[in-house]
Amino acid sequence: MRVHDTLLGLFFAALAVAILILTADFPSFPGQKYGPSLFPRILGVGILVCAVVIAWRGWRESRRTGGRRIVAVDAAFADPGKLASFLLVPAGVGFYLLAADRLGFIPTAFALLAGLFLWFRVRPLPALAIAALTTGLMQWFFGTLMRVPLPRGLFMQLIHGG
Amino acid sequence: MSSAILAAFGLVFDPYVLTVILLSAIFGLFVGAMPGLTATMATALLVPVTFFMSPVPALGAIVTATAMAIFAGDIPAAMLRMPGTPASAAYTDESYAMSRKGQLELNLGVNLVFSVLGGLIGVLVLILAAPSLAELAINFSSFEYFWLACLGLTCAIFISTGDPVKGFLSLFVGLAIGCIGIDPAAGYPRFTFGNVDLMSGINFIPTMIGVFAVSELMRGVMTVDQAGRPVQEKVGALFRGLGEVTRKYWTNFLRGSAVGTLIGALPGAGADIAAWVSYAMAKRFSKEPEKFGTGHIEGIVESTSANNSAIGGAWIPALVFGIPGDSITAIVIGVLYMKGMNPGPTVFLENPQLIYAVFIIFILANLLMLPLGYAAIRGARHLLAIPKNVLLPIILLFCVVGSFAMTNSPYGIVLMLIFGVVGWLMEENGIPVAPLILGLVLGELLEHSFMTSMIKSDGEFLVFFQRPIAGLLGALTLTTWGLMLWRGLRPARAAI
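In order, the protein sequence lines correspond to chains P and R. Our numbering puts the first residue of the first sequence at -4, with every later residue one more than the last. Our numbering puts the first residue of the second sequence at 227, with every later residue one more than the last.
You may find that some hints are simply not true.
[What the hints assert, rightly or not] These stretches of chain R come out as covered by chain P in the derived footprint (C-beta under 8 Å, 3 or more residues): (1) 359 to 372; (2) 395 to 409; (3) 646 to 655.
[To be verified] For lysine-lysine, the following DSS-like pairs were computed, each having C-alpha atoms within a straight-line distance of at most 30 Å: (4) K460/R with K513/R; (5) K77/P with K513/R; (6) K327/R with K474/R; (7) K460/R with K682/R; (8) K28/P with K682/R; (9) K509/R with K327/R.
Simulated from the structure, these hints should not be mistaken for laboratory data. Remember, it's a predicted structure, so these values are computed and weren't measured experimentally. Cβ atoms here follow ideal geometry from the backbone N, Cα and C, with glycine treated the same way.
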């Protein structure tokens, strides 16, 4: 997804302005000339300068070449299957974020893997088997060996009774 | 010193550490050989695992995995015309042309042996250069560190092939993201909006997993059903004809290793750029440049040596100054900070055994590459047959769990998701992501040295140049900036 340089520049310019406005509230300390606002302000100006140059170049180029699409989307996205595959990556992470605390790591990870495998046309039986095996390995490695507090959720409560 | 070296041997030759090295070698070979999975991604995925280890096995895992991955990238380049990592992209067509001529064995043999030799040269330079540079660096004050960080970050953009304005934009945004959280000088929470998670700052590891791994997955799922078929099913004798190649092209090997080490040591440029530059140099100085592109071994000797020597080179500024030589060492520096070992010359004084341990692991990893690389080439047919539609979901889950493990809360996963999307959008729009990560890693050092210098000099900017080395570094930085400005303005004037 290519955004026109003018728009890209304007976006970052807005970001820079936001940084500069936010730093206005930072406190200064008596007897100290340079406070916590100095460094972010320099960065804000840096972002602003780059953003303006990018926007200006984009504008000049589109005047010369007669303009270009504001947002150009890769041709592969026209295929709904590919678009769905692409969106499934962030959506899968989103699903994990929403479900893991309630359901627990094991059912969430299994559902995420099995769902993605089936979508990517792994045959059902291997898909479920690999999903179960991988989930088990992750739980063992991170949960047991590395002692990462993976969410227990309903699943573990049912097994361990709370 | 000798007792430190002895202690280092003790640290490395421990069954646990050796097992970690062996496993990460296999992991590195696997990730490197899979097209679409890069050496940087291998490192990013390793970090959550190494997080729980002591420094020596953690660094050993990263060193070994990256060295293996950079070599292993050559295998699918020759067999499928798909570089396993970007570092092999420079000579992928040449390698494939050789395979089509029936020289797959010679090609892979050369790639393996010269990767090992190039890697060893890079390590040799690292071993010779790093301690003496550290002796120099021990006298550095905040002024020198300020200019060094500026120069390092500028080099990262100067060397990269893309648009310098977008490079600087990425860098500034990275530095600004580094400002989120408690400020290092006054302890004031900046840009946190009252959020407790943001108070702890933007955790570097989930950010990097997002930028380097999740965005890569988003690109990878689009082509999940495209798989290549190896040109040839069986691999014969690998080392036949190697002696002749070595006799004929040993100057290419030496030049490639030297250039690779140097480019690796320059901040911001790593194995991929080293390979491109060396391939171009080989062609430029060749007696038979017309043969390039038709399956000619000369350029491959030079660039396959270069990309492996760059790995050792990149560790020089990382260990001595705490300034990363490429995106992999940027991750290493993050790991060092996590382990409470602030990279810089003091590590050489306080923990010399750790530095020597890194050197020993480097040598060991390169030597291990010969048998393991050989085995990987032999088993490549099976390795390359692993379907991507199984692999990508597993990597995604690994990213999620790894990011969670860094913060022990969903905050890590949220960061990973945001920066995965941001990283993808940036790359789509020609904004390089490496400067963002370098900025995030170096932000605190840069701000700290800058603020200390400002307070020491009472805002007098000339003081920044008064110490001799600081003056030299400052002048060098300003010259680079001037050069970039000139380069940037020239086409504009030509257009008007």
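A quick look at each hint next to the structure:
For the segment 359 to 372 of chain R, the stated coverage by chain P is violated: 0 residues have a C-beta nearer than 8 Å to a C-beta of that chain, whereas at least 3 were required. Given as covered by chain P, the segment 395 to 409 of chain R passes the check, having 7 residues with a CB less than 8 Å from a CB of that chain where 3 are the minimum. Look at the segment 646 to 655 of chain R against chain P: 5 of its residues bring a Cβ nearer than 8 Å to a Cβ of that chain, three or more, so the hint holds. For the hint linking K460/R to K513/R, the alpha-carbon distance of about 33 Å lies beyond 30 Å, and the restraint is violated.
At most 30 Å may separate the alpha-carbon atoms for a hinted pair to count; K77/P and K513/R exceed this at roughly 47 Å. Of the pairs offered as hints, the one joining K327/R and K474/R holds, with about 20 Å between alpha carbons and a cut-off of 30 Å not exceeded. In summary, the hint linking K460/R to K682/R is not supported, as the alpha carbons are separated by about 67 Å, beyond the 30 Å threshold. The straight-line distance between the Cα atoms of K28/P and K682/R is roughly 11 Å, inside the 30 Å bound, and the hint therefore holds.
Proposed proximity of K509/R and K327/R is supported: the alpha carbons are some 20 Å apart, at most 30 Å.
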